[in-house]
Amino acid sequence: MTFIEYQALTPSQKASYKIKEFFSLLPGRFKSFFAAIGKFFKNLGLKFVGGCKGYGSRFTKGDFATKLSYIVMGFGNFTRGQVGKGLAFLAAEILYISYLAGFGLKWFNKFDTLGTELTHQVIDEVTGRPKSVMGDNSMLILLYGTLTILLTLVFIAVYIANTKAAYEAEQSVKAGKKNLTLKEELQEFLDGKYHVTMLSLPVLLISVFTILPLVFMILIAFTNYDKQHTPPGQLFTWVGLDTFRDVFKVTEGASKGYTFWELTKWTVVWAIFATFSNYIIGMIIALMINKKSIKFKSLWRTLFVITIAVPQFVSLLLMNQILQDDGVVNVIRGYMGLAPISFFNSTALVARVTVIIINMWVGVPYTILQTTGILMNIPEDLYESARIDGATPVVQFFQITLPYMIFVTTPYLIQSFVGNINNFNVIYLLTGGGPSKNPNLYQAGETDLLVTWLFKLTMNSNDYNTAAAVGILVFIVCATLSLITFNMSKSSRNEEEFS
Amino acid sequence: MNKTKRFCAIALAAMMAVTAFAGCGSDGGSSTASNGGGSNGGSGDSAATPTAPVGDTVADPLYGEGENGTIKLKVWGPPEAQDILKKQCVAFSEKMKDYGDVQIEVVPQGEADSATQVLTDAETAADVFGFACNNINKLVKAGALLEVTGAEKDLVESSNSAESVAAATVDGKIYAYPETGDNSYILVYDKSVVSDEQAKTLEGTLEACKAANKKFAMDAGNGYYSCMFMFTGGLKIDGYDDDGETQKFTDYDEATLVNTMMAFSKLLAVDYKDTLLNGETTKVVDGFKSGTVGAGIDGSWNFASAKEALGDNAGFAILPTIDVNGTATPIVNMFGYKLIGVNSQTAYPNTSIELAKYLAGEECQQERAEKLNWGPSNTTVAESDIVKNDQALTAILEQSKNSVLQVSVADTFWTPVGTFGNMIVDADKPLTEDAAKDLIKSTISNVRDE
Amino acid sequence: MIKSYRLSRMISDIVIYVILGGLGLIWVSPLVWLVFHSFRKEGGVSVPYVFPKEYTLDNYKALFTKTDVFDYPRWFLNTFVVAVFACIISTLSVLMVSYAFSRLRFKSRKMFINIGMVLGMFPGFMTMIALYYLLKAMNLTQTLPALVICYSAGAGLGFAISKGFFDTIPRALDEAATIDGATRNQIFWKIILPISKPILVYTVLTSFIGPWCDFILVKIIMGDNRDNYTVALGLQRMTDKEYKQTYFKQFLAGSVLVAIPITILFLKMQNYYVEGVTAGGVKG
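Protein chains in written order, with the working numbering: chain S, 1 to 499; chain A, 1 to 450; chain D, 1 to 284.
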């Protein structure tokens, strides 16, 4: 069904069509999502097996220089006119080995236990005063151990590439072709292999400063790194899935499990309200500003957009102050003879509604900016025919504008939905998670999202492993959601696999 | 310096290096080399018998750390005390100049944060740092503090109040030097609104505020303040279970506790519902400035601003009593101490110990009481005129005798107890007996993470 | 007939003006409150009336004179330097990544896109401790370069909007250039970048604002080295329990000073921002 055909339906038909479509597509989407993941790992496995096969056969077929490249990396290229390339491979080998010998190995050796020797103090016999005897630091072992493993994987890839390059160089010499010189190869990086040039620096930065810490964090979820096992004074070690069991276990009274479910519910409610309230209100304001007969368009837009320019933590701390029990809002209510409202400290409902409204103050200007251009692109004839049918502006909005916009901006909506699930600033700076009125919540208040709870678990109660586990769970939800919708959206509909 | 001393030191250092390297792992190098050796340590008299006061009989209080060049130390203290701290550190270097060249860098770092910073990275942290005593357990567990032993231990025990020493003690061992004795909160009031007599009871205070159409401000949603509701009713914290981390509570009489909670609830949530201003403690002084608050519960760090806001009308008293079924019960609060600790990873343990001892000593506490109005933990200073003549300091030192020590408080304590406080003063409904019982149960289980 | 049509249109316009005016007031008034109270002389954190009774410049002066506890000018400068460098690196990474994903075709491009999209969804501050020790191993902790790295290293992951923008540029442009013998490198610098001003401005703006807003990461990385704090951490510190009573008005003044340059920059660049985000957002 095209969009125009869809428009011809009555509202109830539209709704039922949408719902039917949603549910009929859902199983398929999940299926293809997991199929894609499965395929991804299958391909990875195949590539690995293929790589190993090639590795062996190249060794048996290759000549002496190629064979020697299996030990002295780059030798094959070096002897066949590719001096630069050969030296680069050799340098990689030397660097890796010296890293292992000088740093990596000693951390990696303790990776299985994460350390056994406790730091403690002894009394110095001569001075009669205490001094420290340093033991193992589980956290550093885990971090540098992970680093070593990742570097080893990279090195293996380089090593395989080295054997391949040596073999290929040999083959091309045999075939009488001249190998590319270093200069020519470098030039190739500006054209044919330009993606390598463009991606290598960002990928390197992301690998070191995003992926490595992330892997470290994911591993933490499988240890007992909590307030009772804090380095450097204590050791922690592997505990398997215990932490996840804790997060899912709901017991009577206060528990992590209960808190997790309660906060999950609120996080979802929050994300839905926060996303759609911003989206709809922002769009309505954008429409009003852009109505042809309205003057001072840039003035109106500036009024709203100026709040974006003020750093968010400032405007949120400001809002927190303004909405205090004795803040300026309640002062004004006092002038008008109204009783003060305790926005953040009365009931959960009041606080939750307050944060959703304040979030609109923060988020609506973004929607105005982001939708203005698209709104102007809605085909005018759609409105034309609606007007002839006598549709009021409100009807037009819900029957034409909103469906069209949702149709076009699904990726953006999903992005902001995920953004709201992880909206740390608004909750942390505005309410700090309060009010705390539910005594069964473990280290959390009524407006805490999973993400702020996670922060509190790390900073206040030092439950690092629980925090990591919660982080992983939140991530899985967000990632699944956005991968499905992104890969279903029109921009990439025809290539639905991972590789 | 004299030659025999140097020779002794070198000989000892060599001897020690052998023993230390045998037992010491990765960090052996720096700490053994700097430990050097005392001049008369070889004969084993005063240094080997740790009970002798070190400063007097030992010729080199730094145990030879000064022999190998400049000793560089870093000290953390709160930003507002920088000037005095710097002065005191200069005085210390001056005192030590015969034994070594001690250079001290003073870096501003609030006491609330310093423990977190030390735990994040002990290596770059200060050698000597001030911290709030509620963090001592965490620090000791992480092995971040050098134990106080021997002569230093005796000195700390004999010169400071028993409570402050208890605040520096974990599992029977002392780990830090008490620095102040005023880290808590009391009743602060406007004398033109609340009379000294009225300030003795909570009912009187609230009535006076209500009569003057002013507010009574307190932070009932913050576990640090709201714990007074449970402490007053007899439910107090009592260190940890055997695991060293799960908060233990004292035995309590449920009826008394429930009655106390209901008494608080009746006053704050029903009778004086509109008089209570529940929110951050900044509202107390703000309210004094704008004339909207008559009294409040506020901490010692805001005493100076309260005095500035109210002038001669500034009144300070111990927390008032509350009427529980006809008995005037004194309110019990939580009391903390600021401590000075020595980083266990310092390269100069002996000099750091000397410095911590000096900064926490009588002379420095006296100076801080005079210049900064900090209440002392030192018993001699507590008896001095400067404290006696200050109503705020007198009141807070008196309150310390009727309080629960803010040490061995689990990190899981604060949030649930804040909820506990909110539920008691909840403006929508006074607490019923059943609700009180449920609340007690759920709060305890939440704090204990059960 | 025409008259009544005009009338109803006028009425609807007036209604819209009233609504816009009301909403505009709601949106701007907190900022107006901020500006007014940054000049307030009396009181501490809050006062029981709307407008200050006495005005003074002292709050602003104190920011620049009483620098022993809060060294505002220095932190402002730090933030500026960090923001400039982080902005350059981030912008380059974002443009490079999104150009590669949008215009170049290579093996496992799709996989890279998916991984890149997903990586950005982990809550960032969970990795802070690991990040700290990595930087420490490189001997960078407590330095400004460490901050630049933290703010710009992951920037490449934010390629979505600018990839969307590049996707809208007709491929025929590239093809024509290729026929003329241009390499992909030359196409990027000489053809694509010059017509990508909106997305360039958008990326520059967003990455420049980042360092002015973060106070969590900087606290961990800088530790006790107050000389290298940034203005966001400093301002946030002013609202801590120990300082709030004394420093709240300075916090307001400091906030105004931070907001002014960013606001001016933002208003000047607004149109590019809108263009960039519209073009990039739809395709996403």
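Treat each hint with caution, since some may be false.
Counterexamples of contact, computed for chain D against chain S with all Cβ distances above 10 Å [as the list claims (entries may be wrong)]:
no. : residue
1   : Tyr5
2   : Leu57
3   : Ala62
4   : Phe85
5   : Asn139
6   : Ile179
In silico DMTMM-like links for lysine to aspartate or glutamate, alpha-carbon gap of 25 Å or less [to be verified]:
no. : chain 1 : residue 1 : chain 2 : residue 2
7   : D       : Lys244    : A       : Glu308
8   : D       : Lys241    : A       : Asp390
9   : S       : Lys265    : A       : Glu308
10  : A       : Lys307    : D       : Glu42
11  : A       : Lys87     : D       : Asp58
12  : D       : Lys244    : A       : Glu67
13  : A       : Lys141    : S       : Asp246
14  : D       : Lys241    : A       : Glu80
15  : D       : Lys107    : S       : Glu185
16  : D       : Lys190    : S       : Glu188
17  : D       : Lys219    : A       : Asp113
18  : D       : Lys219    : A       : Glu123
19  : A       : Lys74     : D       : Glu42
20  : D       : Lys190    : S       : Asp191
Not the full set, but computed from the structure, chain D residues with beta-carbon under 10 Å of chain S [stated by the list, open to error]:
no. : residue
21  : Gly24
22  : Val47
23  : Ala130
24  : Leu173
Hint data in this document are derived by calculation from the structure and do not stem from the laboratory.
Positions of the beta carbon are idealized from the N, C-alpha and C atoms, including for glycine.
- Message: Need the status of pair Lys241 of chain D, Asp390 of chain A: alpha-carbon distance at most 25 Å?
- Response: Holds, at about 24 Å.
- Query: Holds or violated: are the alpha carbons of Lys244 of chain D and Glu67 of chain A at most 25 Å from each other?
  - Reply: It is violated: about 46 Å lies between the C-alpha atoms, which goes past 25 Å.
- Any Cβ of chain S at or closer than 10 Å to Tyr5 of chain D, or is the non-interface label fine? holds, 12 Å
- Message: Is the claim that Ile179 of chain D lies outside the interface with chain S correct, judged by CB distances over 10 Å?
- Response: holds, 14 Å
- Message: Need the status of pair Lys307 of chain A, Glu42 of chain D: alpha-carbon distance at most 25 Å?
- Response: Between Lys307 of chain A and Glu42 of chain D the Cα gap is close to 16 Å, so the pair holds against 25 Å.
- Message: Hint check: Lys87 of chain A vs Asp58 of chain D, CA-CA at most 25 Å. Holds or violated?
- Response: violated, 29 Å
- Message: So if I understand the rule, the pair passes when the alpha-carbon distance is 25 Å or less; does Lys190 of chain D with Glu188 of chain S pass?
- Response: holds, 18 Å
- Query: Would the least Cβ to Cβ distance between Ala62 of chain D and chain S come out above 10 Å?
  - Reply: holds, 18 Å
- Status of the hint placing Leu173 of chain D at chain S (closest C-beta pair under 10 Å): violated, 16 Å
- Task: Compare the distance between the alpha carbons of Lys190 of chain D and Asp191 of chain S with 25 Å, and conclude whether the hinted pair is satisfied.
- Result: Holds, because 14 Å separates the two Cα atoms, which is no more than 25 Å.
- Message: Verify this label for me: Phe85 of chain D is non-interface relative to chain S, using a Cβ-Cβ cutoff of 10 Å.
- Response: holds, 14 Å
- Query: Is it true that the CA of Lys141 of chain A sits at most 25 Å from the CA of Asp246 of chain S?
  - Reply: At roughly 24 Å apart (the allowed maximum being 25 Å), Asp246 of chain S and Lys141 of chain A satisfy the hint.
Checked against the numbered hints above, the structure breaks hints 9, 11, 12, 19, 24 and satisfies the rest.
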